[in-house]
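Chains as they are written, first to last, in my numbering: chain A, 1 to 210; chain B, 1 to 210.
All clues given are correct.
The list makes no distinction among identical chains, and a pair is therefore deemed to hold if it is satisfied within one copy or across any two copies.
Taking lysine-lysine and the DSSO-like style, the derived pairs with C-alpha atoms no more than 30 Å apart in a straight line are: (1) K167 / K71; (2) K71 / K22; (3) K71 / K153; (4) K22 / K167.
Rather than coming from a laboratory, the hints here were simulated on the basis of the structure.
Number of protein chains: 2
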Amino acid sequence: MDTFEPLRASHDDGVTGTIPAKEGRGVFLRRGQVLMVINTHGSQVVDTWAFNSTDLREFMSMEHSRASMLKITPGVGDALVTNRRRPILRVVADTSLGVHDTLIAACDRYRYQELGAAPDHANCSDNLTSVLHELGCERFDAPCPLNLFMNVKSDGGRVEFLPPVSKPGQSISLRAEMDQVVVMSACPQDITLVNARRPSDVHFRVSSPG
Amino acid sequence: MDTFEPLRASHDDGVTGTIPAKEGRGVFLRRGQVLMVINTHGSQVVDTWAFNSTDLREFMSMEHSRASMLKITPGVGDALVTNRRRPILRVVADTSLGVHDTLIAACDRYRYQELGAAPDHANCSDNLTSVLHELGCERFDAPCPLNLFMNVKSDGGRVEFLPPVSKPGQSISLRAEMDQVVVMSACPQDITLVNARRPSDVHFRVSSPG
Numbered sequence: 001m002d003t004f005e006p007l008r009a010s011h012d013d014g015v016t017g018t019i020p021a022k023e024g025r026g027v028f029l030r031r032g033q034v035l036m037v038i039n040t041h042g043s044q045v046v047d048t049w050a051f052n053s054t055d056l057r058e059f060m061s062m063e064h065s066r067a068s069m070l071k072i073t074p075g076v077g078d079a080l081v082t083n084r085r086r087p088i089l090r091v092v093a094d095t096s097l098g099v100h101d102t103l104i105a106a107c108d109r110y111r112y113q114e115l116g117a118a119p120d121h122a123n124c125s126d127n128l129t130s131v132l133h134e135l136g137c138e139r140f141d142a143p144c145p146l147n148l149f150m151n152v153k154s155d156g157g158r159v160e161f162l163p164p165v166s167k168p169g170q171s172i173s174l175r176a177e178m179d180q181v182v183v184m185s186a187c188p189q190d191i192t193l194v195n196a197r198r199p200s201d202v203h204f205r206v207s208s209p210g
Numbered sequence: 001m002d003t004f005e006p007l008r009a010s011h012d013d014g015v016t017g018t019i020p021a022k023e024g025r026g027v028f029l030r031r032g033q034v035l036m037v038i039n040t041h042g043s044q045v046v047d048t049w050a051f052n053s054t055d056l057r058e059f060m061s062m063e064h065s066r067a068s069m070l071k072i073t074p075g076v077g078d079a080l081v082t083n084r085r086r087p088i089l090r091v092v093a094d095t096s097l098g099v100h101d102t103l104i105a106a107c108d109r110y111r112y113q114e115l116g117a118a119p120d121h122a123n124c125s126d127n128l129t130s131v132l133h134e135l136g137c138e139r140f141d142a143p144c145p146l147n148l149f150m151n152v153k154s155d156g157g158r159v160e161f162l163p164p165v166s167k168p169g170q171s172i173s174l175r176a177e178m179d180q181v182v183v184m185s186a187c188p189q190d191i192t193l194v195n196a197r198r199p200s201d202v203h204f205r206v207s208s209p210g
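The shape of chain A in the complex, shown without the other chains (with noise of 0.2 Å):
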């Protein structure tokens, strides 16, 4: 059963914080305040998903981001929207080549049995919902998330993954258009080429305007 309750926010102004590698965090954003996500070593893919988080049945969509910004994947200037079709997230600034996915679910126990992996393989689809689950809520499926520094190909409807290009240092910066909850997931994938066979830790830092 999957509860939605408003959640407790505790924010804190200039917060900095690290994802270690194949793990999941939370972290609660105002209205304004903007979430710069660092890919400290390169190579790491971040699984990202945004939930209101006075109402956790609206949150960010991808499907619904798609129809809203006429483009697979966000660039500078362009906001994600929840499944009520209201902005949630902005792209304001990105220091990377702009490579992201919009397109392919999360990784998931699902994914690592088909690749063979062991049973407790760590997921990103069981971050967000531990992360969820720490914060008060039940949720028992991800959305499809916004998958940082991803690099899918779909020129002429064909679907590739392709090893990344992200280098160490570089960054997207996100402004939240609501308050939220924002939850991140170093991308445990270790046995395709998604994250260079290497997961690595990540780094953010909320900044507040003014």
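Given the structure of chain A, go ahead and fit chain B onto it with the hints provided.
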């Protein structure tokens, strides 16, 4: 609060049915049965969802299907998969040009608000919710649908909504890879060009092997 009790199926072999313009209908399929969706008058988009009828937490997922098919759009022989990465529907025939969409959210009350429509404008998301509710399942949001006969171009990362190319009588046939309930909505969009501005009835037929 979402609920996911197993559904009480009422299977009938050789079922045929109408999905009236702007409405939604559900149909139970046993593994092996084939659902033919017929674009009776042409130009009509059919938003389509599929749920494992013994556990509605498992459902057809476009973001998992793209990763599995390595394509944006399924063609004959391709299987759509669930959020547990299991095949649920396989395209076994397609007499249309094969133009279908997996990128775009179902229309919803928020979309029609943006378009300035009346507050009670029919929409595919609420059609899904209503059908599931009649079947005894409460679900607050719509997974990304398989948009049969919807013409969305995404070359070069640019997403473009185009007028339909489907002709009267064209059909797609989907084989059930597990017991399931399929929900179809004859998209009520009459403001943009997606249904050539004239939503119309579509029909379906369920056949059993052998």
